[in-house]
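Residue numbers (my numbering), protein chains in the order written: chain X, 1 to 167; chain S, 1001 to 1105.
The hints are simulated quantities; they were obtained by calculation from the structure and are not laboratory data. Possibly wrong hints are sitting among the right ones.
Claimed, not checked - Ranges between beta-carbon positions, derived for each pair: (1) X:T83 x S:E1040: 52 to 62 Å; (2) X:V152 x S:G1074: 39 to 49 Å; (3) S:T1009 x X:F55: 52 to 62 Å; (4) X:F166 x S:S1012: 35 to 45 Å; (5) X:D140 x S:H1055: 39 to 49 Å; (6) S:H1055 x X:K102: 19 to 29 Å.
Unchecked claim - DSSO-like mimics (lysine-lysine), calculated; alpha carbons at most 30 Å apart, straight line: (7) S:K1078 x X:K19; (8) X:K26 x X:K102; (9) X:K147 x S:K1078; (10) S:K1090 x S:K1051; (11) S:K1100 x X:K19; (12) X:K19 x S:K1090; (13) S:K1078 x X:K26; (14) X:K70 x S:K1071; (15) X:K16 x S:K1086; (16) X:K16 x S:K1078; (17) X:K16 x S:K1090; (18) X:K102 x S:K1071; (19) S:K1090 x X:K102; (20) X:K26 x X:K147; (21) X:K63 x S:K1071; (22) X:K102 x S:K1100; (23) S:K1071 x X:K147; (24) S:K1086 x X:K19; (25) S:K1078 x X:K102; (26) X:K19 x S:K1071; (27) S:K1090 x X:K147; (28) X:K147 x X:K70; (29) X:K26 x X:K129; (30) S:K1078 x X:K70; (31) X:K147 x S:K1086; (32) S:K1100 x S:K1060; (33) S:K1086 x S:K1051; (34) S:K1060 x X:K102.
In this text, a Cβ means the ideal position worked out from N, Cα and C, and glycines have one as well.
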Amino acid sequence: MSIDAAIASGVIANGKIEKVSIIVSKGSLEGIYPALIMANGARAEGIEANLFFTFFGLDAIHKARHEHIKLATVGNPGLHMATWAGGLPGVSSVMTHYLANKMEALDIPPIPEFIEMIADTGAGLYGCKASVDLFGLARDDLIDQVKDIITVGEFYDLAAGGQIIFT
Amino acid sequence: MPDMTYAGTQVSVTEEGFFTDPDQWREEMAPQIAREAGIETLTDRHWQVIKFMRHEYAEKGTGPSVRALSKTSGVSIKELYELFPKGPAKLAAKIAGIPKPRGCI
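Given only the sequences and the hints, what does the whole structure look like? Please build it.
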């Protein structure tokens, strides 16, 4: 679609993004935060935002698990530490704790508070039905702020006319 | 840099409409800036936030993030978005005549 056609069809209004739908597919700290920052930042700019949690990304909205999201210290070359060191017991917890302190200093909230805050901004939180079924989860396992558990087709309906971001 | 006239006084604003000199701002300009930003009437709750933005800017030299705004102003995030649907930190800063906050959170 050309830019002119996109503007004419309302996908782009005045050259601005009007709506984003963000897919969260990973359950690590570094997998979840970028999506949350993008969603919160969208709402702060007046952009409509929806979050779709799929596969291990579901942990971010899982009542029992969302307080225990860990930084991946194995298979994460960005940490610049030896892979064997990242696998030692407790290393992931220590690194997660270290990062949490740095984030707090920068006014970045912990994941449970951040998710609640994003729901309060009016963004929609949705669980992926296929993943919920796969992991044997129920609505009750997910935090109250989750609006619904939806299919891929319903996600595309929800995302229609906006931008989709996969993380 | 475009100029705007609010409450009969000419002021300098950025392309996006944020004041370049917060000292040019006066309370009686706020309702007109708000209307241009899509907020028809400023309620007491709006004013609580606007005054808080001015106060924070005077203290720290920058407007607060939405999280900080909610934590310290006593207005919940939900209500902030009801008051300023197009983004509380940004809109309240514009109406309060302070520069656009640049935080990511």
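Point to revise | Earlier hints that do not hold, by number | key: Violated hints: none; all satisfied.
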